[in-house]
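J.: Chains as they are written, first to last, in our numbering: chain A, 1 to 103; chain B, 1 to 661; chain C, 1 to 177.
Everything labelled a hint here was simulated from the structure, so no lab data went into it.
Mixed in with the good hints there might be a few duds.
Taking lysine to aspartate or glutamate and the EDC-like style, the derived pairs with C-alpha atoms no more than 16 Å apart in a straight line are [what the hints assert, rightly or not]:
hint, chain 1, residue 1, chain 2, residue 2
1, C, Lys97, B, Glu639
2, B, Lys312, B, Asp584
3, C, Lys97, A, Glu75
4, C, Lys97, A, Asp60
5, A, Lys102, B, Asp627
6, B, Lys172, B, Asp584
7, B, Lys29, B, Asp114
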Amino acid sequence: MFEENLTWLCYLLSGVLFTIGAIGAILRRNMIVVFMCIELMLNAVNLVFIAAAGSLSSMDGSVFVFFIMTVAAVEAAVGLAIFVMVFRMQQSINADEMNLLKG
Amino acid sequence: MADYIWLIPLFPALGFIINSAFGGGRASKTFVAWVACLALFAAFLSSAAVFVEFLQLPATARVFERDIYNWIASGEMSVNIGFRLDPLSVIMCLVVTGVGFLIHVYSVGYMHGDPGFKRFFIYLNLFVFMMLLLVTGNSLLLLFVGWEGVGLCSYLLIGFWYEKDSAADAGKKAFIVNRVGDFGFLIGVFFLFVSLGAQGVWTLNIGEVGKNAHLLSVPVVTVITLLFFVGAVGKSAQIPLYVWLPDAMEGPTPVSSLIHAATMVTAGVYMIARLNILFSMAPDTLYVVAVIGVLTAFFAASIGFAQYDIKKVLAYSTISQLGFMFIAMGVGAYAAGIFHLMTHAFFKGLLFLGAGSVMHAMSGELDLRNMGGLRKKTPITYWTFFIACLAIAGIPGFSGFFSKDEILWKAFSSSHGDLWIWLLGAVTAGMTAFYMFRLFFSTFHGECRASEEVKHHIHESPRVMTIPLMILAVLSLVGGYVGVPHLLGGSNAIERFLAPVFGHATQAKTAVHFDIVASAWASSGAGGHEASLELALMVTSVLIALIGIALAYLYYVKNPSLPERFTARFAGLFRWVHNKYFVDELYDFVFVRGTLKAGAFLLKVADGWIIEGAVNGTAALVKRAGDKLRKAETGYVQEYAFAIILGAIIVVGYLIVIPMF
Amino acid sequence: MDMISFKGIVFIAASLVVIAASVLMATRKNPIHSALWMIVTFFAMAVIYLLLNAQFIAVAQVMVYAGAIMMLILFVIMLVHMEKGEETDPGKTRRSKKTRIVAALITVILFGEMLLGVLFYRMTGQGGEYPAALVDAVGNVRTVGVLLYGQYLFPFEIASLLLLVGIVGAVVIAKRK
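Work out the full structure, taking the sequences as your base and the hints as a guide.
T.: This is how it looks when you write it as structure tokens:
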């Protein structure tokens with residue numbers, strides 16, 4: 001019973017993770033935590049890919065996940081660099097205070 | 001020659017192009033003048049060649065038509081640039097190029113010191129080209145191109161001395177008033193095209209229109225011809241659109257002679273003659289034409305009584321004579337009208353050139369109260385002017401007699417004619433004789449009333465000016481002999497020549513349809529009595545003319561104080577007539593101010609409120625929308641992220657959830 | 001007991017760990033705690049990947065995510081001295097709590113849609129050429145390697161270029177003038 005439904009359960013798990021990540025990204029005020037929630041969303045997507053590739057007997061899923069990870073790494077590097085710079089300006093990591101884009 | 005009829009309009013066009021391209025700074029005035037005059041002479045020779053060829057052909061074969069180029073091919077409408085010569089257009093070409101050539105030569109002398117010498121000849125050549133296009137074009141559209149073209153040249157030449165405000169204004173006035181007429185004409189062309197098209201014939205070719213005219217119903221033709229007549233009223237200065245012609249005297253005198261006496265103003269007459277098939281189908285329009293013609297003739301002649309500017313007198317005389325031509329057209333005597341057109345070109349052209357010669361002698365003086373006694377000092381001008389005055393007065397033997405008499409006779413006798421038209425026409429003829437000789441006597445006879453300085457400079461004009469005068473005088477003398485009526489033993493050659501064009505129209509029944517005279521001639525048939533009636537009328541008109549001349553002699557030679565006493569006694573009437581019955585003032589008040597007020601209103605409402613409002617309103621709308629939408633840009637990244645999620649919800653819902661239900 | 005195999009137990013345990021750890025990560029005040037819980041999440045995810053027969057990805061997950069990215073995040077947290085947690089200066093502007101709660105609730109709708117999709121959609125399509133048995137015979141890493149350097153060489157090279165750009169960009173952005 002478990003074997004047949006593995007894929008389906010993985011999708012469900014992925015959905016839950018994604019939602020948790022999304023809600024976290026919206027609710028939290030600490031920018032670092034927001035960033036980590038975004039990474040969580042990416043992971044959820046990775047899970048879907050692997051599960052789908054497994055059910056379809058394809059290796060494309062693994063390859064694509066590989067690339068997603070690459071991009072996530074780059075994104076982390078650059079994103080955190082930007083974060084550091086913003087922090088130097090604002091002296092705060094509160095998302096509510098980063099509204100220079102207003103208007 | 002038939003294949004080369006396009007040469008006739010080509011020569012003046014070439015003259016125009018050569019002179020505008022090469023007549024610039026370094027080319028001499030002689031070059032420009034020679035090119036222009038030669039172009040006209042070549043055109044005259046070409047027209048004469050066609051004429052001679054016509055005479056060798058049987059009457060029915062005298063039509064040359066050549067299409068040069070397909071100009072418009074759009075749907076049902078196909079218009080070619082082509083030329084058509086038949087007896088009517090060949091006579092017009094001869095008149096235009098012949099008189100035109102003489103005037104070109106005269107202008108070389110008249111415009112001698114003028115800084116715009118070269119420009120003058122360029123415009124003149126352009127004008128002749130346009131006029132020839134009008135006359136020889138084989139489609140109504142081409143005729144209209146020439147129609148507009150002569151209007152343009154008229155504007156350019158009236159306002160030739162454009163630094164003078166009065167000249168520039170006169171040019172504008174001519175063009176605008178003409179426009180009113182042209183509008184009617186164009187609507188007429190549209191209507192004709194559509195009406196014929198409804199019968200299945202889509203053409204604007206004049207020959208085709210003539211052949212298919214019978215397909216149209218009388219009411220339709222009446223409307224079309226009335227619209228065409230509106231155009232003629234504008235171009236040929238009839239009531240109510242005559243007001244531009246007197247003002248057009250601001251232009252140089254050769255211009256007045258060529259355009260406003262001999263050729264352009266006759267375009268309306270020509271047009272009616274050309275479309276005589278249509279006009280003959282609409283007797284109501286013909287009646288309108290005749291009525292307006294005779295009223296204009298009388299009205300203009302009356303104004304001529306009280307003008308002191310010699311050119312203005314001649315201008316009103318032109319309007320009056322054009323009225324006569326329209327009388328002829330209106331009673332169905334198309335050949336007579338064209339005949340009068342021709343003789344009028346001779347003597348009126350001569351009169352204007354003579355007036356130019358007088359102005360030349362009197363150092364630019366225009367007021368006849370300051371002239372007099374020129375007889376001895378400018379003999380050639382004097383004698384040629386005298387011949388022209390005799391011609392216009394209708395003295396037997398001169399050209400004007402034959403043509404004017406033909407018109408009056410037809411006005412009396414034709415089935416389209418009427419007694420009162422003849423009566424008023426005859427009275428007007430008498431008035432014509434009077435005011436022309438008033439002009440003549442005041443200018444040439446009696447004491448010279450000019451200032452001492454002017455008197456010193458009085459001299460006869462140079463030969464380049466007097467030779468055309470003499471040639472025109474000869475033509476004014478003998479030009480009438482082509483139309484000697486049967487009554488006097490002639491064969492009325494011109495009417496026979498024009499018969500193929502006016503075929504059925506010249507068979508106007510000489511029905512005498514009013515009781516007074518009919519009862520007197522009731523018992524016998526046609527023939528003899530008709531002849532004696534014509535003779536009686538002829539004698540009557542000659543008598544009236546002689547009375548007019550005699551009165552003029554009395555008032556202006558014998559007893560020069562009479563005019564002042566007359567004007568003193570009838571001061572009110574004189575004021576009215578002298579001021580041209582205040583028609584210009586009326587037009588200004590009603591039309592000019594009305595248009596200006598309408599324009600101001602439209603500026604305020606249509607432009608200011610509606611259009612500006614729409615444009616500004618749109619801008620304001622966008623701004624306010626922007627202000628409202630700006631509230632979505634809060635600057636909080638998390639809210640932007642939420643917007644993305646919202647979008648994702650919508651898209652996923654659309655793609656996955658909706659199809660599930 | 002043959003309803004649930006060993007694999008099943010492991011899966012259930014791992015997924016519970018994942019969910020719990022991620023919830024905890026999202027809710028801790030102290031950012032360092034969040035980071036640590038994130039690492040736990042990643043490890044548990046790796047276990048699930050192993051269960052799904054994606055050994056290469058599982059290892060990569062641990063190395064890249066749990067190893068590199070989380071290290072980076074921890075460094076940054078310490079760099080900006082926020083070990084204590086988020087403090088909000090009372091003077092500055094805040095978004096209202098209500099807005100956040102509403103936004104969160106609307107996000108749940110997204111979860112609902114996903115649920116619907118998962119429950120009622122069957123994924124159809126051509127089966128690929130790499131059934132689990134075949135891959136196992138060759139070795140998962142080898143297969144992925146062959147694919148990366150064969151069919152997907154071009155994206156691979158671009159990814160490396162992207163990494164280069166990322167490195168340079170990060171240095172340039174964060175440099176002190």
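J.: Evaluate each hint against the coordinates.
T.: Hint check:
no.	hint	in the structure
1	C/Lys97 to B/Glu639	holds (13 Å)
2	B/Lys312 to B/Asp584	holds (15 Å)
3	C/Lys97 to A/Glu75	violated (29 Å)
4	C/Lys97 to A/Asp60	violated (43 Å)
5	A/Lys102 to B/Asp627	holds (13 Å)
6	B/Lys172 to B/Asp584	holds (14 Å)
7	B/Lys29 to B/Asp114	holds (11 Å)
The structure is inconsistent with the numbered hints 3, 4, although it conforms to all the rest.
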